[in-house]
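Q: Line order of the protein sequences matches chains B and A.
The first sequence finishes on residue 115 if you use the numbering used here, and the numbering steps up by one all the way, no holes.
The second sequence finishes on residue 115 if you use the numbering used here, and the numbering steps up by one all the way, no holes.
These are calculated hints, taken from the structure and not from any lab test.
Keep in mind that the hints are not guaranteed to be accurate.
Said to hold, decoys possible - Residues from chain B that face chain A, not an exhaustive set, calculated with beta carbons under 7 Å:
hint : residue
1    : Y64
2    : G107
3    : S108
What the hints assert, rightly or not - Have a look at the derived ranges for each label pair, beta carbon to beta carbon:
hint : chain 1 : residue 1 : chain 2 : residue 2 : range
4    : A       : S79       : B       : D62       : 17 to 27 Å
5    : B       : D53       : A       : E16       : 24 to 34 Å
6    : A       : K110      : B       : D59       : 34 to 44 Å
We put the beta carbon where it would ideally sit given N, CA and C, even for glycine.
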Amino acid sequence: EAAVTQSPRSKVAVTGGKVTLSCHQTNNHDYMYWYRQDTGHGLRLIHYSYVADSTEKGDIPDGYKASRPSQENFSLILELASLSQTAVYFCASSPGLGASAETLYFGSGTRLTVL
Amino acid sequence: DAKTTQPDSMESTEGETVHLPCSHATISGNEYIYWYRQVPLQGPEYVTHGLQQNTTNSMAFLAIASDRKSSTLILPHVSLRDAAVYHCILRAPALNQGGSAKLIFGEGTKLTVSS
Numbered sequence: 001e002a003a004v005t006q007s008p009r010s011k012v013a014v015t016g017g018k019v020t021l022s023c024h025q026t027n028n029h030d031y032m033y034w035y036r037q038d039t040g041h042g043l044r045l046i047h048y049s050y051v052a053d054s055t056e057k058g059d060i061p062d063g064y065k066a067s068r069p070s071q072e073n074f075s076l077i078l079e080l081a082s083l084s085q086t087a088v089y090f091c092a093s094s095p096g097l098g099a100s101a102e103t104l105y106f107g108s109g110t111r112l113t114v115l
Numbered sequence: 001d002a003k004t005t006q007p008d009s010m011e012s013t014e015g016e017t018v019h020l021p022c023s024h025a026t027i028s029g030n031e032y033i034y035w036y037r038q039v040p041l042q043g044p045e046y047v048t049h050g051l052q053q054n055t056t057n058s059m060a061f062l063a064i065a066s067d068r069k070s071s072t073l074i075l076p077h078v079s080l081r082d083a084a085v086y087h088c089i090l091r092a093p094a095l096n097q098g099g100s101a102k103l104i105f106g107e108g109t110k111l112t113v114s115s
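Next comes chain A alone, as it looks inside the complex (with noise of 0.2 Å):
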């Protein structure tokens, strides 16, 4: 899987939309950029993923470039339960029964929201 890169750290304030970028200028045509969260004793928490077109949840809004090379996700209007660090990562689905999701997590960002 192609690597990313990321900001060690971001700081936002509350009530602020928060860009998150992500660069993955190796990206195969076939790798899904996923992004997952995780705060201090827990597990990560999955955000997102796309393909191509940018895409929309209740946690974020995820824009790819026409290019695929970088992603964005946005946070808006982020609180402080959204302090943590966001991992962006690629992936090519399984092809097989016998395949793993494996997901290959980096340092990530560490997204701190003040008051």
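Next up, chain B with everything else stripped away, as it sits in the complex (with noise of 0.2 Å):
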């Protein structure tokens, strides 16, 4: 079974300041993805990779990098956190394509909170 993980768990940040967020994942799938969660809402498409040293924007970019230097390893960084950024935000990986690679495993998440 896929193994996403996520650290931190939880960060509290301050407005302006620079916050990166890691995964890892122990699968050798080929694309990661970074999606963030609003209270009550569902999961948006921020960035995605489908191979090192590439990213890809998702839907909602602005504000955020990604970088993947490896197959495993996934960031995002929010280089000047602003407010409307506090969210939950999941890493997930997929081996490919085609209907059953597509298939995303998600990691449980970072609580992100900009004060």
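Could you fit the two chains together into a complex? Lean on the hints.
A: The following block contains the structure:
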């Protein structure tokens, strides 16, 4: 079974500060994703990557950067954190393309509070 | 990706078989039907997916209408651990490596299980 681990599990940041969320997967998946979830709402895609050293923009990339230094690791970076970025962030991975290969495996999430 | 409609909530009792409906009247021919579930403080968990034929796995049975405009996720003998928000999502496979397995999560159906 896919294993996706996120760190930290929760974080409090100050407005204007830099925040880095980390994600590590151990299943040799090509694709990795960052989603955010706001209270009572669905998930929205921020960035994704299908190969190391390359990232792609999702639906809401503004204010976020992503980094994929290796197949196993995918980071989400908030250079200047803002109040509106308070949310729960989920990392996910998938093997590749095709209906079954696109099944997403999610981490447990990082709860970010920006004050 | 086409839109789905699900009831906001459903209630059940342990041991019952639960039928979770999903309407997708505008589904396209190449769109798969995915089901994920999410419990509080955890990331979404893959349940099952299908295209046209009914499917079954250790978690659930997916019944797809012959015209594909609706589907039903059937959970046999539910337990307290099955209490979650269940999401019905449509997704056409990405055509190339640069495509993403972007799943558009809505509000889903909140399933409550009582003992």
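Q: Would you mind marking each hint as holding or not holding in the structure?
A: Evaluation of the provided hints:
Because the closest C-beta pair between B/Y64 and chain A is about 15 Å apart, greater than 7 Å, the hint is violated. Satisfaction of the interface hint for B/G107 is found here, the shortest Cβ-Cβ separation to chain A being roughly 5 Å, below the 7 Å cut-off. Taking 7 Å as the C-beta contact cut-off toward chain A, the hint placing B/S108 at the interface holds, the least distance being around 6 Å. One distance hint, 17 to 27 Å for the beta-carbon pair A/S79 and B/D62, is violated here, with the actual separation near 42 Å.
Checking the proposed 24 to 34 Å range against B/D53 and A/E16 shows it is violated: the Cβ atoms sit about 50 Å from each other. Roughly 24 Å separates the CB atoms of A/K110 and B/D59, a value that falls outside the hinted 34 to 44 Å.
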